[in-house]
Amino acid sequence: MGNITLKQVTKHFGETVVIPPLDLSIEDGEFVVFVGPSGCGKSTLLRLIAGLEDVTSGLVEIDGADATTLPPAKRKLAMVFQSYALYPHMSVRKNIAFPLKMADMDPAEITRKVEGAASVLNLTDYMERRPGQLSGGQRQRVAIGRAIVREPEAFLFDEPLSNLDAALRVNMRLEITELHQSLKTTMIYVTHDQVEAMTMADKIVVLQAGNIEQVGSPMELYHKPANVFVGGFIGSPKMNIITGPEAEKLGSHTIGIRPEHTMVSKEQGTWKGKVGVSEHLGSDTFLRVHVEGMDLFTVRAEGDVDLHHGDEVYLTPVMDRLHRFDKDGLAVR
Amino acid sequence: MATAHSKTAARFMISPAVVLLLAWMIVPLAMTIYFSFLRYSLMSPGEETFAGWDNYRYFLTDPAFFSAFTNTIVLVVGVLLITVVLGIALANLLDQPMWGQGIVRILVIAPFFVMPTVSALVWKNMFMDPVNGLFAHAAKALGLQPFEFLTHAPLASIIMIVSWQWLPFATLILLTAMQSLDQEQLEAAEMDGASWWRRFFYIVLPHLSRAITVVVLIQTIFLLSVFAEILVTTNGGPGTASTNITYLVYAQSLLQFDVGGGSAGGIVAVILANIVAIFLMRMIGKNLEA
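These protein sequence lines are chains A and B, in that order.
The numbering of the first sequence is our numbering, which starts it at 1 and goes up by one.
The numbering of the second sequence is our numbering, which starts it at 1001 and goes up by one.
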C-alpha cells in the first residue's frame, strides 16, 4: 500500500524557512501533482518524502508507519529525476537492473523483471546501448524503467518532462498517465507546468512559498479556486484579475474572470476596449484587450473571429462564472 | 576556419616550432645513438674507436642492469599504487564540505611545489635520519630501536618520498573529477538501495576512471626518470638496491667515465619507455575516448 502522510512537517535551510508547518495526506493509488512557481518548495517537499533531505521537524508516515528517520533506500519509494540521473557507464539493461542488483536479487529473476519492464516501455531494442546513445524520450523511459522494476509503494517524479521538447512532452504525459492506470500505484509528480498538473492529476496540490494554497481535483481548482493565487495559476491563459471601481460595481473587492468566460462583441457589452495583440491559434483566438481602468484583459474568441490590432470591441463577462475574492485574496462563496 | 588557404597558412605558421622541436629531439638522439657504438671513455678523450654492439652487450649483461630494471618497475608501480589509492581517498575527504576547505586544499597541494632535491633532503635528514630524524625520535620515545630507512629499506624509502611528492598531483586531478560527478546520480543510487561502499564502487569509481587514466599516464612518464631523489639520498645503494635505469645510465657515463656504455644504456631506456607507453595506451588508453 502506498499512502503517505505528512504531519506538521517543516524544513529550514539555515535561517531560511523553505517549508513552514505543513500537513498533507496522500491516499493509496492516487496521482498527486505538486504544482507551483519555481522556488515554491515543491521539489524540497518531494525530497523530504523521498528521504533525500531530513525534515527539520514533523512526521513523515508511509503506510501508517513513521518513516521520518528512515534512509531513502528503506522507504520503498522510487524516484525519477529531472536529469534522469542515469548511470552513464552502464548499458540500459544494467541501468534498469541496478536497483535489483543492489537488493541482491537472484540473477534469473532480475533478467525476467528487466525484460518485462523493457517490453512495457518499448526499450527492448536498446538494451545494450549506453544512455549517451539514446534520445531524450528514451532516456526518460529508462529512468522510468529503473523505477518500475523495484515495484515501489509510490513513484516520485521531479519535473521529469522539463528537458523534453513540446511534442515529446505531450507523448510522455500520456505514457505516464497510462502507466498509472495500469499499475495503480501512488504517484507524486512535481511540475511548474499547470497543463501537466491539470491533465495528469487525480489531486493537485498548489504550493506557494512552501505553503499549500489549495488541494483538490483539477476541476475543483478550476471551478472553485480558494484564492487569487490559485485562480491565476490554474487555467491557461491566466484568469483576468480586476480590482478597484470596476470590481466594486460587480460587488466585490477583487473579481476574477477567465478568458473563456468572457464574450466579445463589436456592437455592445459591459466594457469597451481596444484590441492589442491577437493570437490566432486556429481553434481559438486569444485577444489582449486594453480596457480603460484595468490591466491588459485576455479574452478567448472563436478561431475565425475577424478582429485585429487596434479594433474596438465590447467585452461582457458571463455573470455566473465570475470568481469573487475579498481584500485578503480569499474566495467569497 | 578550414579553408584551403587558412590551412596552408596554419602549416606555415607552426613550421618553425615543429622544426625547432624536431631538431631539439633528433640531434641529441642521433648523437646518443652514435656514441653508443663507440668505445668512448672520458679517461682517454680523443681516442674513440668503433665498438659495434659491445656497449649494448656489456650494459645488458651487467647484473646491475637487471636489478635496475626491476627497481624501476617496482618504483613506478609502487608510487602509482600509493598515489592513486591515497589520492582517491584524499579526494573523497576533500570533497566533503568542511570548515577551512580552501586552506586545507592549498596545504594538500603544497608538496608538489617543493623541488625534488629539497624534499628528498628534508625526508633524509629530518625524518629518516637514524640519529636526528623525527622517526628515530618517535621510535626511541616508544622504546624501540631507530630504523635505518635508507640502509635497510632504500627502495621503499624512495618510493615513500616520491609518493609524497606526487600525491598532491593525483589528489588534485581526482578531486576535480569527483566534483564533476552529477549529485543526482548518487542520490538515484541511494534511492536504489546502494550502500555507501556500493555507490563508491558502481558510480564514483567508474566516473573517476578517465581521471585515473590521466594520472597513471602522466605519472608514469615522470616516474620512469626519477633521479634527483636517488642521487641525494642513497646514491643508488647500498649496492644497487635503489638504482633505477636512469641512475644506472648516470653512473655508467659519469661515475665510470664510460660515455659509450652510458649512451647504450640511454638508448635501452628509451626503448623500454616506449614499450611501457605502448602497453599503457593499449590497456587504459580507451578510457580517454569520449
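Warning: the hint list may mix true and false statements.
[Claimed, not checked] Taking CB as the label site, the calculated pair distances span:
hint	chain 1	residue 1	chain 2	residue 2	range
1	B	Phe1201	A	Glu220	48 to 56 Å
2	B	Arg1198	A	Thr56	26 to 34 Å
3	A	Glu115	B	Arg1198	45 to 53 Å
4	A	Gly14	B	Gly1285	56 to 64 Å
5	B	Ala1110	A	Thr199	55 to 63 Å
6	B	Pro1206	A	Glu61	34 to 42 Å
7	A	Thr56	B	Gln1101	18 to 26 Å
8	A	Thr56	B	Pro1206	52 to 60 Å
9	A	Leu183	B	Leu1205	50 to 58 Å
10	A	Gly14	B	Thr1070	40 to 48 Å
11	A	Val277	B	Gly1100	54 to 62 Å
12	A	Gly276	B	Ser1180	41 to 49 Å
13	B	Ile1284	A	Asn171	52 to 60 Å
14	A	Pro37	B	Val1114	51 to 59 Å
No lab work stands behind these hints: they were computed from the structure.
Beta carbons are placed, not taken as given, at the ideal position from N, Cα and C, and that holds for glycine.
We went through each hint and held it up to the structure:
1. Evaluation of the 48 to 56 Å hint for Phe1201 of chain B and Glu220 of chain A yields a pass: the beta carbon distance comes to about 49 Å.
2. Our hint of 26 to 34 Å for Arg1198 of chain B and Thr56 of chain A holds, since their Cβ atoms are close to 29 Å apart.
3. At about 24 Å, the beta-carbon gap between Glu115 of chain A and Arg1198 of chain B misses the expected band of 45 to 53 Å.
4. One distance hint, 56 to 64 Å for the beta-carbon pair Gly14 of chain A and Gly1285 of chain B, is violated here, with the actual separation near 46 Å.
5. Hint check: Ala1110 of chain B to Thr199 of chain A, Cβ distance near 59 Å, so the stated range 55 to 63 Å holds.
6. A hinted range of 34 to 42 Å holds for the C-beta pair Pro1206 of chain B and Glu61 of chain A, which are about 37 Å apart.
7. Checked against the hint of 18 to 26 Å, the pair Thr56 of chain A and Gln1101 of chain B passes, with Cβ atoms roughly 25 Å apart.
8. Between Thr56 of chain A and Pro1206 of chain B the beta carbons are some 35 Å apart, a value that contradicts the proposed interval 52 to 60 Å.
9. Separated by about 34 Å at the C-beta atoms, Leu183 of chain A and Leu1205 of chain B break the suggested range of 50 to 58 Å.
10. Separated by about 58 Å at the C-beta atoms, Gly14 of chain A and Thr1070 of chain B break the suggested range of 40 to 48 Å.
11. Range check, Val277 of chain A to Gly1100 of chain B: Cβ separation about 57 Å, and the 54 to 62 Å hint holds.
12. Distance hint check: the CB atoms of Gly276 of chain A and Ser1180 of chain B are about 48 Å apart, consistent with the given range 41 to 49 Å.
13. Distance hint for Ile1284 of chain B and Asn171 of chain A: a CB-CB separation of about 42 Å, inconsistent with the stated range 52 to 60 Å.
14. A beta carbon spacing of about 54 Å between Pro37 of chain A and Val1114 of chain B agrees with the range 51 to 59 Å that was offered as a hint.
Hint compliance for this structure: hints 3, 4, 8, 9, 10 and 13 are not met, and every other hint is.
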